[in-house]
Amino acid sequence: MRWSEIPRDAKAYMLYHTLIAPSLMVWILFPLYLMETGYSILEVGAFFTAVNIIAIPLTYLFGRLFNRWDIKKGLIAIDVLDGIAYVLYGLAKGAVAPLVLFAGKTIEKLSTVLYPLYRAYEQVIYPEDKYEEILAWHLRLPEISRLVTFPIMGYILGYIYPGPESYRWTFMFFGLFSAVTVVYIWRFLPSVGREERITPESFTFKAGEFKVLIAFETLFTLAWMMAPEIVLINYVVFVLHKTVFEVTLIACASSMASIIGTYASERVPKGKGFQALGIAMFINALYTLIMALAPPFWLVIVVYAIGEFGSTLGFPFYRSWQFSLIPKERTSEFHAAISSYKTLLGLFTPFVAGALASLHPTLPYAVSFGLFLLAGAMFWWLYKARSLVAKH
1 MRWSEIPRDA
11 KAYMLYHTLI
21 APSLMVWILF
31 PLYLMETGYS
41 ILEVGAFFTA
51 VNIIAIPLTY
61 LFGRLFNRWD
71 IKKGLIAIDV
81 LDGIAYVLYG
91 LAKGAVAPLV
101 LFAGKTIEKL
111 STVLYPLYRA
121 YEQVIYPEDK
131 YEEILAWHLR
141 LPEISRLVTF
151 PIMGYILGYI
161 YPGPESYRWT
171 FMFFGLFSAV
181 TVVYIWRFLP
191 SVGREERITP
201 ESFTFKAGEF
211 KVLIAFETLF
221 TLAWMMAPEI
231 VLINYVVFVL
241 HKTVFEVTLI
251 ACASSMASII
261 GTYASERVPK
271 GKGFQALGIA
281 MFINALYTLI
291 MALAPPFWLV
301 IVVYAIGEFG
311 STLGFPFYRS
321 WQFSLIPKER
331 TSEFHAAISS
341 YKTLLGLFTP
351 FVAGALASLH
361 PTLPYAVSFG
371 LFLLAGAMFW
381 WLYKARSLVA
391 KH
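Numbering (the working numbering), first residue to last: 1 to 392.
These are computed hints drawn from the structure, not numbers from a lab. Here the structure is a predicted model, which is why all the values come from computation and not from measurement. C-beta: ideal position from N, C-alpha, C; glycine also. Treat the hints with care, since some could be wrong.
[Stated by the list, open to error] With a straight-line Cα cutoff of 20 Å, these simulated PhoX-like cross-link-like pairs (lysine-lysine) come out:
1) 384 to 272
2) 109 to 73
3) 73 to 11
4) 211 to 384
5) 130 to 270
6) 11 to 130
7) 384 to 270
8) 11 to 72
9) 272 to 130
[As the list claims (entries may be wrong)] Derived Cβ-Cβ restraints for the label pairs, each shown as a range:
10) 40 to 270: 44 to 54 Å
11) 106 to 164: 12 to 22 Å
12) 148 to 269: 29 to 39 Å
13) 99 to 1: 46 to 56 Å
14) 298 to 1: 33 to 43 Å
15) 100 to 73: 21 to 31 Å
16) 9 to 295: 41 to 51 Å
17) 159 to 8: 35 to 45 Å
18) 118 to 187: 17 to 27 Å
19) 360 to 27: 18 to 28 Å
20) 38 to 103: 10 to 20 Å
21) 9 to 384: 31 to 41 Å
Construct the complete structure from the given sequences, taking the supplied hints into account.
This is how it looks when you write it as structure tokens:
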């Protein structure tokens, strides 16, 4: 699909994600900041678990409310909350720093409560007959943005101005930058209220297939949550003795692999989506298997790129399958319910991952390996089952 063929509103939404992509640097810097200011990997895991508890009931509640409200206002709320959280991170200093950090992380977690609105917005704003093609572009542009900005920020924060004080200034910058993204949303993104979300008459809710979707969400969510960002940062910075710059190099390699993966996904033949998903999960299993063996830094870069390629290859087909099972007038509620379920699954995974990493730095990847294998096997089974039905 060419850029010129994408509707104007969809382009504006993709450019918004391209604009905010550099702020994802905070997700790397925040756990690193905690570790460099005295927190152990186990304590960081416990910190994230404590914050996770708040989000479970609120996610579904907000999802139901946005069945009636304009989703665009929810996107604005996300950026406002993130901006406040990042500013608090920047202000966290002295004896009250732990309280300010916890308050900031709690506010950021409240913004993630609204993250299902992104998927709800995409389901409405993207053309229904072009989901798979357009989602490739949806991934590609933000990855290009990260590829350009991450190594620059990583080098500055890793070698020129290293340390927690520089991290705090970075948090402040991205917090204040949220004012720009809020204006962009208000000015350039279309509203999506109830009247824009009408399910076609041909839609039939498939309860059985939706249960399969939930089963996959369980395996996929646990696989990723058992080896979160804190495990990678702990291994690269405190075991391999690298800096945040090397962490951003891993992110850049992953972005390059993701961009390649978007083009590979566009070449998957129609009707082969479940097969592509199965391959993607087995690729992810390979990445976690190698990471479990405690590889050297150069190999970490390679295997993370391999894992990101697998994730990107399967993403458009998984998201398209998900969209096909959810009625549009209840899209925010369904996505919020799935997100609440994932949050419940991941309630204690940061603590468990931290505990496993405290025993051995790469042990969490071994658990992820088994879960990715199961997810891949599920999609191969689903692909074979559908092929059998088609033959008859």
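Results of checking the hints against the structure:
A distance of roughly 11 Å separates the Cα atoms of residue 384 and residue 272; the hinted pair therefore holds under the 20 Å criterion. Distance restraint check for residue 109 and residue 73: the Cα-Cα separation of roughly 18 Å lies within the 20 Å cut-off, and the hinted pair is therefore satisfied. Of the supplied pair hints, the one linking residue 73 and residue 11 holds, its CA atoms being roughly 19 Å apart against a limit of 20 Å. With a C-alpha separation of about 18 Å, the suggested pair residue 211 and residue 384 falls inside the 20 Å cut-off, and the hint holds.
Between the alpha carbons of residue 130 and residue 270 the distance comes to roughly 12 Å, so the proposed pair stays at or under 20 Å and holds. The hinted pair formed by residue 11 and residue 130 meets the criterion: a straight-line CA distance of about 14 Å does not exceed 20 Å. A C-alpha spacing of about 15 Å is found between residue 384 and residue 270, which places the hinted pair at or below 20 Å, so the restraint holds. Between residue 11 and residue 72 the CA atoms are separated by roughly 15 Å; this keeps the pair inside 20 Å, and the hint holds.
Only pairs whose Cα atoms come within 20 Å are accepted, and residue 272 paired with residue 130 is accepted, the gap being roughly 16 Å. The hinted range of 44 to 54 Å is satisfied by residue 40 and residue 270, whose Cβ atoms lie roughly 50 Å apart. For residue 106 paired with residue 164, a C-beta distance near 20 Å keeps the hint of 12 to 22 Å intact. Distance hint check for residue 148 and residue 269: the Cβ-Cβ separation is about 32 Å, which falls inside the suggested range of 29 to 39 Å.
Distance hint check for residue 99 and residue 1: the Cβ-Cβ separation is about 49 Å, which falls inside the suggested range of 46 to 56 Å. The hinted range of 33 to 43 Å is satisfied by residue 298 and residue 1, whose Cβ atoms lie roughly 35 Å apart. One distance hint, 21 to 31 Å for the beta-carbon pair residue 100 and residue 73, holds here, with the actual separation near 28 Å. Here the CB-CB span from residue 9 to residue 295 is close to 44 Å, well matched to the stated 41 to 51 Å.
For residue 159 and residue 8, the Cβ-Cβ distance of about 42 Å falls inside the hinted range of 35 to 45 Å, so the restraint holds. Between residue 118 and residue 187 the Cβ separation comes to about 19 Å, which falls inside the hinted range of 17 to 27 Å. A hinted range of 18 to 28 Å holds for the C-beta pair residue 360 and residue 27, which are about 24 Å apart. For residue 38 paired with residue 103, a C-beta distance near 19 Å keeps the hint of 10 to 20 Å intact.
Hint check: residue 9 to residue 384, Cβ distance near 39 Å, so the stated range 31 to 41 Å holds.
Going down the numbered hints, you'll see the structure goes against none, and every one checks out.
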